[in-house]
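Visitor: Here's the letter readout for the chains.
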Amino acid sequence: MSGAAAARQVGERLRAAEPLNAVLHWSQALLDAEGGRVDDMAAPGPLAAMPIAVKDNIVTVEQPTTCASRILEGYVSPYTATAVTRLRAAGAMVAAKTNLDEFAMGSSTEHSAFGRVKHPLDPARVPGGSSGGSAALVAAGVVPAALGSETGGSVRQPASFCGVVGVKPSYGRVSRYGLVAFGSSLDCISVFGRTLDDAARVLSVMSGPDPLDATTVDRPPMRVPEPLPDLRGLTIGLPEEYYPPDLHPGVAAALARVRNLVRELGGELREVSLPHSAYAVPTYYIVAPAEAAANLARYDGVRYGPRKVGPDGDFRAVYQATRGQGFGPEVRRRILVGTYVLSAGYYDAYYRKAQQARALIADDFRRAFESGVDLLLTPTTPTPAFRAGEKTDDPVSMYLADIFVSAISLAGLPALNLPAGRSEGLPVGAQLIAPSFGEERLLAAAAALERVIAAEAEVR
Amino acid sequence: MGERVSIGRDEVRHAARLAELAVPEEELERLVSQLNRIVDYVAQLERLPTEQMAEPFLPGPTAAALREDLPGPVPLAYPPEALAPEFADGFFLVPRHGAMEDA
Amino acid sequence: MSWETVIGLEVHVQLRTRSKMFCACRTSFGDPPNTNVCPVCLGLPGALPVPNAEAIRLGARAAMALGCTVHETSVFARKNYFYPDLPKGYQISQFDRPLATGGRVAFESPDRGRIEIGITRLHLEEDAGKLLHDRFPGKTAVDLNRAGIPLAEIVGEPDLRSPAEARAYLTALRQILVYAGVSECSMEQGSLRVDANISIRRPGETRLGTKTEVKNMNSFANVERALEAERGRQAALLEAGQRVQQVTLLFNAGTGQVRPIRSKEESHDYRYFPDPDLPPLVLTSGWIAEQRAALPELPEARRVRLETSLGLPTYDARVITSEAPLAEYFEAVVVAGVEPKTAANWVMGDVMTTFNESGAFPVPPGRLASLIGLVREGVVSHQAAKRVYAELAQTRDGEPRAVAERLGLVQVSDQGALASWVEEVLSAHPAEVARFRGGETKLMGFFVGQVMKRSQGKADPKGVQPVLQEKLRTKVG
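Protein chains in written order, with this note's numbering: chain G, 1 to 460; chain F, 1 to 103; chain R, 1 to 477.
Just so you know, not all the hints are guaranteed correct.
Straight-line C-alpha distance at most 30 Å; calculated DSS-like pairs for lysine-lysine [said to hold, decoys possible]:
hint, chain 1, residue 1, chain 2, residue 2
1, R, Lys453, R, Lys471
2, R, Lys386, R, Lys341
3, R, Lys453, R, Lys442
4, G, Lys308, R, Lys130
5, G, Lys308, R, Lys79
6, R, Lys341, R, Lys462
7, R, Lys442, R, Lys471
8, R, Lys211, R, Lys79
9, G, Lys308, R, Lys453
Non-contacting residues of chain G with respect to chain R, defined by C-beta distances greater than 10 Å in every case (computed) [claimed, not checked]:
hint, residue
10, Ala5
11, Arg15
12, Ala81
13, Asp197
14, Asp213
15, Thr215
16, Pro227
17, Gly266
18, Thr339
19, Leu342
20, Leu360
21, Asp394
22, Arg422
23, Ala455
24, Ala457
No lab work stands behind these hints, which were simulated from the structure alone.
Don't be surprised by glycine CBs; every beta carbon is placed ideally from N, CA and C.
This is chain G alone, in the form it adopts within the complex (with noise of 0.2 Å):
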């Protein structure tokens, strides 16, 4: 298909999925214009006329980029980030950025300033989130694939909780340049794929180092892998940690069958023991949040952003009004806990806590992976979608809906969900865990997992 052809087409699918309120900048116009650049391209790379969505927090000179926050409306980045830069010189096109939460805090994408996405299955639930937007798209058909980013599974949860796939790379293995920062030592670009071959393609053009960002890591950017035929020779490990006994039963069901389907495919099956990722949440949300306090300082009202002016008039009174008004309750949860857990007499008890944490979790995937497991096999989320505004109220019951996914975030690992099935018609995923850097086998093993599933069947 052509470059303007894919645009007409994309745009009329947005113009359709307009009620998920899914995207937040789109225009027929610019879609045109990324139409017509990839059409005049001599050699249009690999993702030649691919549209993709692209996270309302990764930055692009032509749309907005607000982060679904008050306190960047209206703002055009001067730059662009070194991931999509990459994408569009392969040919891909920007379609639209997408919804998400407020600066990518939270997993259901209603804490967006400009109002909640809906799942596409029922408009009573949530895509989760933070990426709710791009995964929305994608489940839709709107786009083959999407950009979203993870802190904690801002991926992952919202691809199970949509049915589609979702691959977080190794920290380090893309660019966080121009990807608008929430915790830093967290955060990657990740995307979604209606299949993992759309995934690894986009995931693939994005890798490789920049030096624009000394985080990224010195390897080659990772290669497309070709399918594995079965799992013959490969070890799944099983972390007990990740099969509580109180698992919703339709997530059981979808994980058992997957198992089944491992050993059908030759691969072996073993118990391990991550023991650490028990304390995976608190620590995310000592860790997270006090890189986000400091993120989040430079939203001041100074140099760019809408600026409000307070009572006294003078700049720190700029500075609270701009920051108090433009932030919207969880962004300003976490600033408090952030700046509350680095602050004097406490940093020992919680910061260095759980910097010490981490360590431990990591060396958990570490141990279970020189003990001879390939790679781990675990829910991606304790729930199949929950309704909207279930767990508004109370923050915490909130954060363990990321109770499977931010202990690989923590540990900087390359995980990603397969739809695995579906219970009482709402999507239930898979999770696959690789080592470090291991994003191609990752890939080959679960694409002969894809052909075998029957991702839209009901489990039981």
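Based on the hints, put chains F and R in the right spot on chain G.
Guide: Structure of chains F and R alone, referenced to chain G:
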């Protein structure tokens, strides 16, 4: 975390001041209870035995890659004045602080 | 009642790089506001810092020049506070794992002779922007050209005991850093800034008094004045039975006074934590050794060498080593064959005067050596040589001998010519001639001087005296 105390209004006000966040009085009570809920929850880390504590872990490269000292920054598609809420004669402007001094 | 003064200085120097600490913006001084800015130093959403290798090399070099241990691993940390000159709301600095620790600076104290002051640490950080408060009514203007320029912060031990000693320490510190080539160290351009901590206590007391921090001093002389003023203020408080409050004060060079600025109680809760955007800074021991080997000879070592191997007096060696180019020039003159003390006299005289005026050496060392050779050979007088030097310096060209000839400064030792100048002088001063003959022989100097004057410095002074003696004697008869 033996010395952990529950968060009160003063702690919230203090953090809000450090973070330059205006918190309306009427929201304070609710924030106090939410922050207590969060801090109580993360405090379960105190159950981790400290003697087996490893060095802090950070993913990514073990050493910073350095940049050569060559001028040539990423260009701005729009100049600073296009971004700024208040700008004149090449400067960003902010209201002046009563006691601000050039230090 | 007497007081002991305790002073510790924190010195920030701008490292001499072409681009900023964490982005590729230029570091040039005096450009139009907000023109050397990019996503990183504007603190735009999504921008990330990447450390400048040269800033790290210069920081390590500075640390080595100050005798510090440079650590193989150091960590960048975020120092969190809000101010309009700080784009990200935090400054990237180093906290619990600095680049270097444990050095010292040796220098001559005006009060205590030779002393050593400890250097606690040297760490790297980025500069903030510049604020202008007087340009727009009711507004503060922000220029971020300076934001992100690389700085080394050098924290000294509270080992200084007087404002004058603090000034001498700063002079020595600047000398070392300029020698090492790490910074321009210009207080006027802001490439060297000083914050001072000062307290006083009774002699013999071991505990420190409450200290205050003095800022806003724009010259070494003003550092001394500000500390004098603050010492006086603290002493007056204590003597009146009051307490010293821990405050920050600004020095006003116009009034010579220090004035406290309002401090916020939480202003020191910087919530440092390791910057997750920057992996640890790792330097190999090989690289550190290489840098150490590349370090130039420092003023102290050079001074000792000039004293011991060239036999210069301590005073001369100190003056000559005060600036590296001066010392290099001096040594080149010696290498060209000039006796060291003679070379030192020239360098501390006319050479230093032109260097201080122009910052340059218009007369190459070899040419100065040949000029000095002309004096030694009696071809020109010392006085005449100074005129030749001035001419050489001005025209920046010409051989000393040719210039001396062109100016008619080659000494005359021809007996006939000398005799005629002597005759003229004696005829012009009959009274002095009579006094000389009456036994006032010390007037000989006067007659020699007059002859030199009459000959416009051309007469060879060594030849003048015998002729004078001869003529004064013959006239008796």
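Visitor: Hint by hint, say whether it matches the structure.
Guide: Hints and how they fare:
1. Proposed proximity of lysine 453 (chain R) and lysine 471 (chain R) is supported: the alpha carbons are some 18 Å apart, at most 30 Å.
2. With a CA separation close to 17 Å, the supplied pair lysine 386 (chain R) and lysine 341 (chain R) stays within the 30 Å bound.
3. Between lysine 453 (chain R) and lysine 442 (chain R), the direct Cα distance comes to roughly 18 Å. Compliance with the 30 Å bound is thereby established for this hinted pair.
4. Distance hint between lysine 308 (chain G) and lysine 130 (chain R) is fulfilled; the C-alpha atoms sit about 23 Å from each other, no more than 30 Å.
5. This hinted pair checks out: lysine 308 (chain G) and lysine 79 (chain R) have alpha carbons roughly 25 Å apart, not beyond 30 Å.
6. At roughly 22 Å between alpha-carbon atoms, lysine 341 (chain R) and lysine 462 (chain R) fall within 30 Å of each other, so this suggested pair holds.
7. Between lysine 442 (chain R) and lysine 471 (chain R), the direct Cα distance comes to roughly 16 Å. Compliance with the 30 Å bound is thereby established for this hinted pair.
8. Distance hint between lysine 211 (chain R) and lysine 79 (chain R) is fulfilled; the C-alpha atoms sit about 22 Å from each other, no more than 30 Å.
9. Under the criterion of a C-alpha separation no larger than 30 Å, the hint pairing lysine 308 (chain G) with lysine 453 (chain R) is inconsistent with the structure, at around 82 Å.
10. The non-interface label for alanine 5 (chain G) is consistent with chain R: the shortest C-beta to C-beta separation is roughly 32 Å, beyond 10 Å.
11. Look at arginine 15 (chain G): its CB is around 29 Å from the nearest CB on chain R, clear of 10 Å, so calling it non-interface holds up.
12. Residue placement check: alanine 81 (chain G) does not keep its beta carbon more than 10 Å from all beta carbons of chain R (closest about 6 Å).
13. Even its closest Cβ contact with chain R, about 29 Å, leaves aspartate 197 (chain G) beyond 10 Å, as expected for a residue assigned away from the interface.
14. With 10 Å as the threshold on Cβ separation, the claim that aspartate 213 (chain G) sits away from chain R is violated: the shortest Cβ distance comes to roughly 5 Å.
15. For threonine 215 (chain G), the condition that its CB be more than 10 Å from all CB atoms of chain R is violated, with the nearest at approximately 6 Å.
16. Every C-beta of chain R lies more than 10 Å from that of proline 227 (chain G), the closest at about 34 Å, which supports listing it as non-interface.
17. Against the 10 Å criterion, glycine 266 (chain G) stays outside the reach of chain R, whose nearest CB is about 40 Å from its own CB.
18. At roughly 7 Å from the closest C-beta of chain R, the C-beta of threonine 339 (chain G) falls inside 10 Å, breaking its exclusion from the interface.
19. Its beta-carbon lying about 4 Å from the closest one in chain R, leucine 342 (chain G) breaks the requirement of being farther than 10 Å from that chain.
20. Its beta-carbon lying about 18 Å from the closest one in chain R, leucine 360 (chain G) satisfies the requirement of being farther than 10 Å from that chain.
21. With 10 Å as the threshold on Cβ separation, the claim that aspartate 394 (chain G) sits away from chain R holds: the shortest Cβ distance comes to roughly 27 Å.
22. For arginine 422 (chain G), the shortest C-beta to C-beta distance to chain R comes to about 37 Å, beyond the 10 Å cut-off, and the non-interface label holds.
23. Non-interface call for alanine 455 (chain G) relative to chain R: holds, since the shortest CB-CB distance, roughly 34 Å, exceeds 10 Å.
24. At roughly 41 Å, the least C-beta separation between alanine 457 (chain G) and chain R is larger than 10 Å, which holds for a residue marked as non-interface.
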